[in-house]
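Residue numbers (our numbering), protein chains in the order written: chain A, 47 to 307; chain B, 465 to 787.
One or more of the hints may lead you astray.
As the list claims (entries may be wrong) - Under 8 angstroms between C-beta atoms, here's a sample of chain A residues computed to sit facing chain B:
| no. | residue |
| --- | --- |
| 1 | G93 |
| 2 | E104 |
| 3 | W105 |
| 4 | A191 |
| 5 | L292 |
| 6 | C298 |
| 7 | E299 |
| 8 | R303 |
| 9 | S307 |
Hints are computed from structural coordinates only; laboratory data are not their basis. Positions of the beta carbon are idealized from the N, C-alpha and C atoms, including for glycine.
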Amino acid sequence: MFSIGERINGMFRSVGAAIRDKNPEPIQKLARNQLSAGADALDVNVGPASADPLAAMEWLVKTIREVTDAPLAIDTTKPDVMRRGLELAGPGSIINSTKGQQEQLDIFIPMASELQASVIVLTIDENGIPRDANGRSEIALRAVASAMEHGLDPDKLMIDAVILPANVAQPTAAQVLETIRSVKLLSDPPPKTVLGLSNVSQGTTQRPLLNRTYLVMALASGLDAAILDVLDTEMMDAMIAAELLLNRAVYCEDFLRAYRS
Amino acid sequence: MPFEMPVEKWTGAVNAVTIGATAAEGGTRGSTVTVGGDAGLPFLHFEGKTPHRPAIAMEVPDVAPAELPPPMMEAFGDVTSDPAAWASKCAGEYGADMICLRLTGAHPDREDRSPDQCAQVVKSVLSAVTVPLVIFGCGHADKDNEVMPRVSEVAAGENCLLGTAAQDNYKTITAACLADGHKLITEAPLDINIQKQVNILVSDAGMDLSRIVMYQATGGLGYGMEYAYSIMERTRLAALSGDRMLAMPMLALLGNECWKVKEARLSDQEAPTWGPAAERGVLWEAMTAACFLHGGTHIFVMWHPRAAQQLRTMVDSLIGEVI
Chain A
47 MFSIGERING MFRSVGAAIR DKNPEPIQKL ARNQLSAGAD ALDVNVGPAS
97 ADPLAAMEWL VKTIREVTDA PLAIDTTKPD VMRRGLELAG PGSIINSTKG
147 QQEQLDIFIP MASELQASVI VLTIDENGIP RDANGRSEIA LRAVASAMEH
197 GLDPDKLMID AVILPANVAQ PTAAQVLETI RSVKLLSDPP PKTVLGLSNV
247 SQGTTQRPLL NRTYLVMALA SGLDAAILDV LDTEMMDAMI AAELLLNRAV
297 YCEDFLRAYR S
Chain B
465 MPFEMPVEKW TGAVNAVTIG ATAAEGGTRG STVTVGGDAG LPFLHFEGKT
515 PHRPAIAMEV PDVAPAELPP PMMEAFGDVT SDPAAWASKC AGEYGADMIC
565 LRLTGAHPDR EDRSPDQCAQ VVKSVLSAVT VPLVIFGCGH ADKDNEVMPR
615 VSEVAAGENC LLGTAAQDNY KTITAACLAD GHKLITEAPL DINIQKQVNI
665 LVSDAGMDLS RIVMYQATGG LGYGMEYAYS IMERTRLAAL SGDRMLAMPM
715 LALLGNECWK VKEARLSDQE APTWGPAAER GVLWEAMTAA CFLHGGTHIF
765 VMWHPRAAQQ LRTMVDSLIG EVI
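Construct the entire structure; sequences and hints are all you get.
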């Protein structure tokens, strides 16, 4: 599975403070720690409180680039901040994210194509979050059509079927799994699927248990990538075990270590 | 509607490994051999490049087997008592890319040769040929742990390929290879899970993954060949899918496996309906090699020069225009 580490986010108090004080150390440490814990890419979010998100994103990306060339998922809804983040991060970055209404797709999909990035499309549009898997797949199909129109390979598209907290919208978990399965039939090669995993447990008790259980269920449904807390070792172990049992990795006695190396 | 070739997109590739060192590189070889680097399934050039030819290493035993079959005697009868001359004939007359020296004489059940005796043979072969060397111990774990460090030492700087490291005996040979700048063969008994585990173990011991070649016990045609084939295929698929612990080139001991079977050994009198004995063993070896070539083997350890030549012709036809 392609793991995107979620921890460089201004919402976390320590990260927010580091951005405010332009203190590179906590950020660079988080980057290194997440990569050594198995992250393939790092999410980069300046947080909601930033007074100048463009400048904050510039500083954040440059600060991370001093310690790693790993792909970055630029996490913002603002097109100008997104573009600047992608330019500084370089080719192979990820747009995180765009909603699925046409006018949003028309901004971000050409941007992905131009800057050689992948793009996460949320199955949300002007009507909100669809109530079932079919509605989610319709939005995914719109994204696939838009990608083809703008010359973006379908596998550069990452469909996020938007998981909601289990204590708020319990039926969503099953609907999202169904969407992950059906998205794979939309094109050849099919789009990738991704989840902002931690949302499933927002505001619940037993957060780590819900996160790792749902991750395993989603992997079995065909999930390709997740934005998640890679520092949660038990969850990463569960992910590695699931990949093994799905025959996506060859078994050996030290299979946990083999995956991480 | 125009046909569009379905092409797999792979995320990984097999490591390229170079064996041998020229004077400029600190050794005395006249040439080096690089294998691996494949970015697709064997010879599916539309899928990914095969940047290097599979290599042929002709086998030279330090002590000749008691009964070499007549076709082998015809090719090597004049040199069976002299490994240096045997190696020289393989590299010169028969065009071997490498020599695979097997120190079978060290085995306690054979001649129980000392580490120094073995080292002497290695030195004589290194002097007799300028191609790179693959060197196998005798297969007896404790004895190999005495012999291989000494062998490694006298060949220091030559960037040989030494074997083998196994799951329950890998530390000594790994340390020797690290100390003397050699490449390492990791071995597993036709078991991809153990193969991966050995690679992790030697990697933990400090061996860079790019310095490893894998050897799964080889099965000859009619004697487990398809099992070996399926393991090689699965290994290659894992490498191409990005599994770094299985992304090493593969070696097979073909001659040894093929020439011990009855189809290769029985005389015309014993098997009058099986075709001429003069060709049978050669073909058995060449046909097994053809299967392994498609399975993804990178280094073929061969016995008979005509089987080696047939393999070379096959490689030419499959790879010719690409390189």
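Inset, instruction - Enumerate the violated hints, using their earlier numbering and listing them in ascending order. - result: Result: hints 1, 2, 3, 4 and 5 break, sorted rising.
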